[in-house]
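J.: Sequence:
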Amino acid sequence: MTKHAFHIVDPSPWPLTGAVGALLLVSSIGGWAHKYSGMLMISAGLILTIATMIQWWRDVTREATFQGKHTEKVQDGMRFGMILFITSEVIFFLAFFWAFFHSSLSPNVEVGSQWPPTGISPINPFDVPLLNTTVLLTSGATVTWAHMAILESRWSEANLSLLFTVTLGLYFTLLQAGEYVLAPFSMADSVYGSTFYIATGFHGLHVIIGTLFIASMLYRHLNFHFSQGHHFGFEASAWYWHFVDVVWLFLFMCIYWWGFFFNKLKKLSSSYLGNEKSCIFVSDMPESWG
Numbered sequence: 000m001t002k003h004a005f006h007i008v009d010p011s012p013w014p015l016t017g018a019v020g021a022l023l024l025v026s027s028i029g030g031w032a033h034k035y036s037g038m039l040m041i042s043a044g045l046i047l048t049i050a051t052m053i054q055w056w057r058d059v060t061r062e063a064t065f066q067g068k069h070t071e072k073v074q075d076g077m078r079f080g081m082i083l084f085i086t087s088e089v090i091f092f093l094a095f096f097w098a099f100f101h102s103s104l105s106p107n108v109e110v111g112s113q114w115p116p117t118g119i120s121p122i123n124p125f126d127v128p129l130l131n132t133t134v135l136l137t138s139g140a141t142v143t144w145a146h147m148a149i150l151e152s153r154w155s156e157a158n159l160s161l162l163f164t165v166t167l168g169l170y171f172t173l174l175q176a177g178e179y180v181l182a183p184f185s186m187a188d189s190v191y192g193s194t195f196y197i198a199t200g201f202h203g204l205h206v207i208i209g210t211l212f213i214a215s216m217l218y219r220h221l222n223f224h225f226s227q228g229h230h231f232g233f234e235a236s237a238w239y240w241h242f243v244d245v246v247w248l249f250l251f252m253c254i255y256w257w258g259f260f261f262n263k264l265k266k267l268s269s270s271y272l273g274n275e276k277s278c279i280f281v282s283d284m285p286e287s288w289g
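Mapped onto numbering that gives the first Met the number 0, the consecutive letters of the sequence shown carry residue numbers 0 to 289.
Incorrect hints may have been included.
Claimed, not checked - EDC-like, lysine to aspartate or glutamate: derived pairs with alpha carbons at most 20 Å apart:
hint	residue 1	residue 2
1	Lys-72	Asp-58
2	Lys-2	Asp-75
3	Lys-72	Glu-234
4	Lys-72	Glu-62
5	Lys-72	Glu-151
6	Lys-2	Glu-88
7	Lys-2	Glu-71
To be verified - Derived Cβ-Cβ restraints for the label pairs, each shown as a range:
hint	residue 1	residue 2	range
8	Gln-54	Thr-137	30 to 36 Å
9	Pro-183	Ser-152	48 to 54 Å
10	Ala-176	Gly-30	20 to 26 Å
11	Leu-45	Gly-111	26 to 32 Å
12	Ile-82	Val-8	46 to 52 Å
13	Thr-137	Ala-176	17 to 23 Å
Just so you know, these hints were derived from the structure itself, not from any lab. Only a predicted model underlies this, so the values are computations on that prediction, with no experimental measurement involved. C-beta: ideal position from N, C-alpha, C; glycine also.
Full structure from sequences and hints, please.
T.: Right, dumping it as structure tokens:
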């Protein structure tokens with residue numbers, strides 16, 4: 000029996016297997032995009048990564064729920080670690096917003112000195128993006144509902160709200176995939192396409208991870224792993240999900256609405272200038288032409 004409140008973690012192979020799986024997955028996707036590797040390497044990296052996640056989460060669940068190693072001190076440390084992780088994610092997405100605004104506020108000659116670039120038709124933000132916004136905000140409400148139900152020991156209500164959250168997360172991913180298929184531009188279409196797909200794509204990846212996170216919490220709650228005072232795993236998943244919600248709001252306002260608004264403004268100004276030139280041309284015609 001230890002004389003301190005901290006958890007000395009046992010040696011584990013999962014950091015190593017996770018690193019190898021992530022390396023295989025990322026490098027093989029890059030190779031596949033440039034036709035250097037096939038789906039075999041991608042599948043190997045994906046399987047190894049998912050297996051590592053399952054085994055690692057199993058160990059953490061066992062230590063927290065059955066071995067009692069997650070004391071209040073340990074939970075405080077985990078909360079601080081989760082805060083640092085979300086902070087690093089904020090900085091991660093900040094880089095994409097920086098690239099987008101750097102290009103949009105001062106467009107160079109390569110994109111026609113205008114934003115959106117010449118030839119780009121932005122996606123209407125009041126179509127699928129607005130529906131996605133509604134879906135994510137609703138999922139944020141359902142995960143908060145689940146938290147309140149856990150705090151008040153309403154077991155069935157917590158299960159239902161967690162199921163709603165997972166369903167909404169899957170629905171968002173389906174809508175985003177459909178939007179990519181029907182998008183009128185690709186990642187190769189100037190800096191607009193690259194920043195759009197890299198920012199929304201990484202957000203979509205975070206939604207998938209968050210959905211898996213919430214789904215694992217639903218599984219644990221169905222197996223009575225949480226109580227009113229001991230449910231940090233759920234708290235961490237809820238924090239992560241709310242972070243994903245907030246990032247999407249900024250994506251919607253800055254990347255979807257910003258580009259669409261300026262495209263409309265550009266068309267209106269072009270139409271106005273065209274009409275003005277026509278009026279000037281008519282007024283300058285010699286009277287003999289009339």
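J.: All hints are to be evaluated individually against the structure, with a verdict given for each.
T.: Structure-based check of all given hints:
1. Using a Cα cut-off of 20 Å, the hinted pair Lys-72 and Asp-58 holds, with the two alpha carbons roughly 19 Å apart.
2. For a cut-off of 20 Å, the pair hint linking Lys-2 to Asp-75 stands: about 18 Å separates their Cα positions.
3. Under the criterion of a C-alpha separation no larger than 20 Å, the hint pairing Lys-72 with Glu-234 is consistent with the structure, at around 16 Å.
4. At most 20 Å may separate the alpha-carbon atoms for a hinted pair to count; Lys-72 and Glu-62 meet this at roughly 14 Å.
5. A C-alpha spacing of about 24 Å is found between Lys-72 and Glu-151, which places the hinted pair above 20 Å, so the restraint is violated.
6. In summary, the hint linking Lys-2 to Glu-88 is not supported, as the alpha carbons are separated by about 36 Å, beyond the 20 Å threshold.
7. Between Lys-2 and Glu-71 the alpha-carbon distance is near 14 Å, which keeps this suggested pair within the 20 Å criterion.
8. Distance hint check for Gln-54 and Thr-137: the Cβ-Cβ separation is about 33 Å, which falls inside the suggested range of 30 to 36 Å.
9. Checked against the given bound of 48 to 54 Å, the beta carbons of Pro-183 and Ser-152, roughly 51 Å apart, stay inside it.
10. In this structure, Ala-176 and Gly-30 meet the distance hint of 20 to 26 Å, their C-beta atoms being roughly 22 Å apart.
11. The beta-carbon spacing between Leu-45 and Gly-111, approximately 40 Å, falls outside the hinted interval of 26 to 32 Å.
12. At about 20 Å, the CB distance of Ile-82 to Val-8 disagrees with the hint of 46 to 52 Å.
13. A C-beta distance of roughly 19 Å is found between Thr-137 and Ala-176, which places it inside the suggested range of 17 to 23 Å.
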